[in-house]
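Novice: Each chain, written out:
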Amino acid sequence: MKIPVQQNILNLTPYTPGKPISEVQRELNLEEVTKLASNENPCGPSPKAIQAIHKALSEIHRYPDGSGFYLKNSLGKKLAIAQDQIILGNGTNEILEIAVRTFLSPGEETISGQPAFIIYQLLTQSANGINIPIPLQEHTHNLSAMAEAITSKTKIIFIANPNNPTGTMIKQGEMMEFLQKVPSNILVVMDEAYYEYAIDEQYPDVLSFIKNNPSKPILLLRTFSKAYGLAGLRIGYGLGSPDLISLMNRVRQPFNVNSLALAAAQAALEDAGHLEKSRKLNQSGYQFLCQEFKRMKLFYVPSCTNFILVDVGQKAKEFNEKLLRLGIVVRPMGGYGLTTYVRITIGLEEENKKLVQAINTAIKQ
Amino acid sequence: MSIFWSEIAKQITPYVPGEQPRDKKYIKLNTNENPYPPSPEVIKAIRKAANEDLRLYPDPDCNELRCVIAEYFTLSKDQVFIGNGSDEILAFSFPAFFNPKKPILFPDITYSFYTVYAKLFHIDYHLIPLDHEFSIPVDQLTKKNFGIIFPNPNAPTGKYLPIEKIKHVLEKNKEVMVIIDEAYIDFGGKSAVSLLSQYPNLLIIQTLSKSRSLAGLRLGFALGHKDLIEGLNRVKNSFNSYTIDRLALACAKEAIKDTTYFNNIRNKIITTREQTANQLIDFGFKVIDSKANFLFITHPVHPAEKLFSQLKEWGILVRYFKTPRIDNYLRVTIGSDEQMDTFLTTVQKLLP
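Residue numbers (this note's numbering), protein chains in the order written: chain X, 641 to 1005; chain P, 45 to 396.
In case anyone wonders, no lab produced these hints; they're calculated from the structure. Note that the coordinates shown come from a computational prediction; the quantities given were computed from them, not determined experimentally. By construction, the Cβ of each residue, glycine as well, lies at the ideal position given by its N, Cα and C atoms.
If we take Cβ atoms under 7 Å as the criterion, some of the chain P residues that face chain X in the derived model are:
| id | residue |
| --- | --- |
| 1 | Thr75 |
| 2 | Glu77 |
| 3 | Pro81 |
| 4 | Ala94 |
| 5 | Leu98 |
| 6 | Ala259 |
| 7 | Ser282 |
| 8 | Asn284 |
| 9 | Arg290 |
Start from the sequences, fold in the hints, and give me the full structure.
Specialist: Written out as structure tokens, the structure reads:
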């Protein structure tokens, strides 16, 4: 190609997302496929969210409300936080992108866990920054090593809590100690995509820390893609000090979130019953699967999310293909350096049973 | 917090979208939205897709939609890129095709996002001043540059550049990227799509927000040589694979396919535009010749800023830019016939 492309773009290896069901079905000529690969909520979205979409249709030829007033209003009430401390994004992924664009200058460093969500690395690279990966310790973020990795060039620290793909979490005491320790000229991005599933009493209250420490730059990210069952709509939110949010709003495109997503998210947020149902189903699914993994003598990482990282004792890529042929899609973790691990989303009761059966078969093959 | 701000963030003045006040019900002629709803087929498709499956991530490659768009323009699927509004495609295009320290060209009066993105991505730029009739002086687009971007029709003027002139620009700029933002092309202009096969350096960006009445859903697309599309995909997939939601994917196909409805709506808007323009000329306004769904107007006696506030008091929102050269102009979106009647009667009342 004659057209010059920037070198940092050429150096990127794009992220490979999980395959859509239809594609797998077509490729393998399968009648029924159970997708337990992308940590989507098997209960689906709240029926109220669907209703809200139907209701919002009459205004679809108008631009969305660029400020997201009504959704922010609901979020503000629920979380007891001011509207100017909330930013909305086309998925939290977009908010991550905005944060990097706003704060990271070329040559500056970011710190993230290894393995963690791969987008942290890619975003750093695309902004001409340098990512410093800190290996996890016993599948959990090693906060003291991350603190030690801070240099004069460090600008952003990414922490996913609970972490993906391990499903582990950092506890309140340790997290608070870390947040106090990080100098105030470094942004800590706390990615809580699986927050709603983390029911452990020790799960840290970063939101209160943000409220009580306005001078500490912390960006807390949450999403409607997981427990709220709206992955298909692309909507997430970020919370931080008014200063931080207002800077990021300078970089945000004015109409980044579409109007149907705004309406659906607001309705989903207000349906506490549906969220509780999703959580309960996840809990019983988790207990069932852990029991089965123990019975099959498979090592798994205890999880506080809607997925489990499992060591299948053979090459994950090959194991994955065996499962695919049995009509089950999971996520092999070779790309994360976990060559014998797969990540399995907790499904409906029936789906979990089907999965256990398939694993039993695949292991013997 | 300023120590904390990247060099880029410091330089940005964010784009300011048209106001969306909540104090009362306004006739909104300020954001160039289509006054008509999308095709009934579009609504049907959204209703059908708004189900349990929303729990699933969308197809990150937008395969089906790309096929439909490719077929519509007689291109191949790998010549089509889908974005979360054409704004997002612009945001990907700057880092994908332009380079820091190598200045690009765009008009001095144009879509203000170009300056925002140039600064965000450290791209230098030279502004090409529009002539006194607000036309893009094509001859100045032949000077040394490392990329060109402009809308056709231009915003906020509505002025259109005929395809022969576009061809002239392309002939003189075969070694650099030329991006044409055709957000408003369906209201009487001729798309440069026909030139794609001759110019592998041409990228055309269109949107479903205007002529296809889907501003609320955020959908734009780019057309170009497959290598250019691959460049956009590289950038996109380094940030965010799932930019387009399931409902948008489901209904956009129908919006493209329903050509009868599309032609009907855009012809209606063109007719209303011409009628409105004639009336305004009768009232003494100077009306810039428009091929968009808006008019750019000025009055020799009545200051635009004052008219803008007066109209707002009467419940009509139009757009006023306090920008040199155009600070005595108003941009008026073409609404329904009924809305334009109210607008014209109100204007007439305000002119003594």
